[in-house]
Each structure stands twice: as structure tokens, then as C-alpha cells.
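The numbering used here puts the first residue of the sequence shown at 59, with every later residue one more than the last.
Source of the hints: derived by calculation from the structure; they are not laboratory data. Here the structure is a predicted model, which means the values were calculated and not measured. Heads up, a few of these hints could be off.
[Said to hold, decoys possible] Here are the computed distance ranges between Cβ atoms for each label pair:
{"no.": "1", "residue 1": "His-489", "residue 2": "His-335", "range": "30 to 38 Å"}
{"no.": "2", "residue 1": "His-489", "residue 2": "Glu-523", "range": "21 to 29 Å"}
{"no.": "3", "residue 1": "Glu-232", "residue 2": "Gly-363", "range": "18 to 26 Å"}
Just so you know, even glycine gets a beta-carbon here, dropped at the ideal spot from N, CA and C.
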Amino acid sequence: MVVKIKALHWKTDTSHCERTLGMTSTHPTFDGPAVLVVGAGPTGLFLALMLARQGVRVRLIDQKSGPAQQSRAMGVQARTLEFYRQIGLSEALVGLGIPTGDAHVWVNGQERVNFSLKNMGEGLSPYPFLLTLAQDVHEQFLIEQLAACDVHVEWNTALKNLSQSKTQVTATLERVDGTEERVDVPYLVGCDGASSATRHALEIGFGGGTSEGLFYVADVEIDRENHDVHVGISGDTLNLMMPVRTSGMQRLLGIVPKAIATQPEISFADVGAASTHLLNIDVQSVNWFSTYQVHHRVADHFRVGRCFIAGDAGHIHSPVGGQGMNTGLGDAMNLAWKLAQVLANRADARLLDTYEPERIAFAQQLIATTDSLFQKMVAEGWVARFLRTVAPLLIWLLTQFQATKQALFKAVSQIQVAYGGSSLSMGGGGHISPGDRLPFVAELDNHQALNCLDWQIHIYGEASETLTEQAEALGLCITTFPYSPDVKAAGFARNGAYLIRPDGYIGLVIPKQSPASLTDYVQIWGLKFAPQPVSTPNAIAA
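Generate the whole structure from the sequences, applying the supplied hints.
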């Protein structure tokens, strides 16, 4: 038995910079760019690339003089790598970073827990690991990919102000030499960080708070090679070490002691002793050192009219779990395909209304869970000391069972982010719900079909003649997969039919392969599909 492909199709041009989306015009009423992206950090760069790959003309500005020079955010989660796979770049990105090996928990300088991180998510994702990749390397990779699409960052260019009407956004740009330019675009997206000029111009609140205490981050060389994650714990403090560059540089994170935090200037020499003791390492040189406070904030809105915010402009979190940057990249993926489809006249503009509720809900959830735990772990007092004392035991228990290891991977990797409450999520029944990420089935590699960056139907079992005819009439591609024990274990119903969104989430669980349900969904959202040349992937034995 083999995977059977019916009308599965996608096409990219030779530069891989424009998907064939059946568009008559990406921006029918504008001669220039359709989207102005403000901010060229990871979120803005990724958003611009996803737009360019879908045929949208984009302009990208940043007030900085150039890309990041420090490692900064460095954890790339599995869900992010799945997004990169959809545009054929995941393997190249993995090659630039370091898939994490084992995790070690040290208590007062003695190793207490050791477990593997290499395949914690085996069978759950094509990327069952955490990738460490320095932000400056990550950004340079994205800049090069954008250049291949003839999109170039305009550095030293800031957003001065903006206004908007029902049909366009008018932005005033200011360059470092004081000159100004007025730009009219259909849409604007602010990816311009925690101090976002876009958010301020839109008068969006940014509620939240700041964790107690001061923290430090350093990139250092140590006395040995290390590809693992190390956590150092004592009753008074905790530290984290993980690889940051293929050259052997290590990232250290820790708490600045209260007695030192009041000093006008703080160096690694003031705080490094705790790391070297707790992690049993010898620091030989310091490449970068900085102190910071941890903020936890979520914007009141992610959209006002034709303007959107994404990434740190909309939410900032603690560094624990490597969630912040990946959440911003998730924002970019969510918004990019919706803008592309609306600009191509392939979906009703109401599709854009789903961006804020889908993404703001996850940002708020992170504040309520990850950030709350972080604050408890780093606080002073007996509760924090107790949590740090029992943490090694809890970690050890979690790593003894495959179910808890997989649960931990799901939580950290963002593969369990779901949009069940979204108006885009319809239908139901069974273990897989509308709004869920398409579960990965390794034996079939059912995620391969997502490379088309378009709507498609997956059927696990046999496709009915009536649904097949209706899908073909609409111009929708159908991929059928053989039903097997692995497919059942992933939660798919026999002969289950699922309408998959361009970002790999399930939009509609089609009950009993009902053509009417599919037609209703398409009509509600004004979706249009255009027949394209057929490309059949290699059949896979069941």
C-alpha cells in the first residue's frame, strides 16, 4: 500500500521567491509595496521573507545601522523549524546551529540529573530537538534569503508617524540624515521591539510588569567542548549554560546577587564565580556580557485597522524555555499567509480579523504559565528556595517516562499551540480538533505536503467520490494517506478528512467527508483556489 496523491500541486519560480497562488495581482490598487514591515529583527525578517515567498511586494525598514552583532535570542524550537521547512530552509538553518545533546542538572556543583534532549520529540515532529543558533547568525541567514528575493533592509530608517484610512496606511519615514519620506501602503506591520514606535503611534497599551531582581547574560569560552544544556541550582540562585555558536562559545544566564545589583557598573568578574562553582566549569574568556531585567507584557491589541504588531512589539517574556523569539516567528507565520491571501483576492478581508485573537491568546498564556513559573523560581524567600531544592527531583521524575518527556517537548517546542477558539476553526469530532497543528506521522511524512503554502485537504483512509469531485471543482488539492496503526496513534479518524490551512493548522474537520461542509467553509471565508500544475511527491510505503 502506498500514499496516494490526488491533485497535489505547488509551484515556485526559479529563485524560490514567489509561490504560484492563482493571483491576478498581489496589490491591484498600489504600484509600490503592499506591506511595509517596520523592524528587521528575527520577526520582521521572517515576516518579510514569508510575504516575499508568497508573491507579496514588501518593504522592510529598521532604525538601527545594521543587523545584530550579539547572540541574544538563540533557541529555535521545533515548530519554528517546521515553518522553515515549508519554504525549504530548515536543513540549511539546522546546519548553522547546534542541535542540543543532553541536559545536566547540577546541585551545589555536583551533577544530580542527566538525560538526553536529542530525540525528546521523536515521532512528534521532523525536528525532535531544540536548536541553538545565535541571533546574529540567524538574522544574517534571513537577510541573505531576502536578498535572493530582491528585498533589502533599509537601515537607518525609522518610522516617525503614521495615519490610516479605510483603504491605506500613510507612514512618514525618517532617515538618519534627517530627510523624510511619505509612504502609502495597503498594510503596515510593526515588528520593532519592546519600545515599538508602531505600537506607540497606534496608542496600544502594553500592560504587564517586571520581575524582581537583576539578571545577567554572557557568551564565554570554557575549558572544554560542550553541546549540552546545563542547569546549576542552589538554595540561593540558579544558572543556565548552553552552546551558542559552532565555534564553541557558551551562553551563561544567571541571577545577579542583590548586594551586587546596586553597583553602578557590573562585570562578569562580579557574578561569574557562582556559575563556575554551580556548573563546575572554568571560564577562559568573555566575549559578551550584559545585565537586564525580565519584563512580562502583552499588548492590549495586535491590530488597529490596517496596522498590525508582532514579536516583541506585542509581547515580551522571560527567557526561560526559549519562547519569546519563537512566539514572534509564530506571529509572522500566522499573519504572512493571511495578508498574502487577502492581497491576492483569494480570501475575504475578514480573514485578517483572526490574527489578533489567535496570537494574543497564546502570548497571554505564556505570561500566565512560563513567566509565572520563572518569577517563582528566581524570587527570594522560602517558596523559591523550596522550588529550587525540589526542581532536580521533579526534573528526574519527568524524564523517567516517555509520556512525560513527550509532554515536556510539546509544551516547550510550541507544537501544541492550537487555535481551537478561532472563528477559522470549524467542524469537530474525534481526537483531532479544528485549530490543532497537523499531527506529524513519521512513516508518511505528511508534513511534506505543507510545502505548497496553500490550503489543502488531507484524507487518512479512502476519499469519497463526492468530496473528491467537490474539491476538484473548487481547485483544492487532496492528499490521501493509507490508514495505519501509526496514523491511528496520531489521533486521525479512519477516512477522516481535514482542510489544512497554509500554516499547517487544521481549519476544518470535515464531518463524514461532507461536501456541503467544505463548500460552506469556503463561502464563509471567501476562499478561492486556482488549478495549478501537478507535482507528485515520491510514494511512501505504508
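Here is what the structure says about each hint:
Separation of His-489 from His-335 is about 48 Å and departs from the stated range, judged on CB atoms against 30 to 38 Å. A beta carbon spacing of about 26 Å between His-489 and Glu-523 agrees with the range 21 to 29 Å that was offered as a hint. The hinted window of 18 to 26 Å between Glu-232 and Gly-363 holds, with their beta carbons roughly 22 Å apart.
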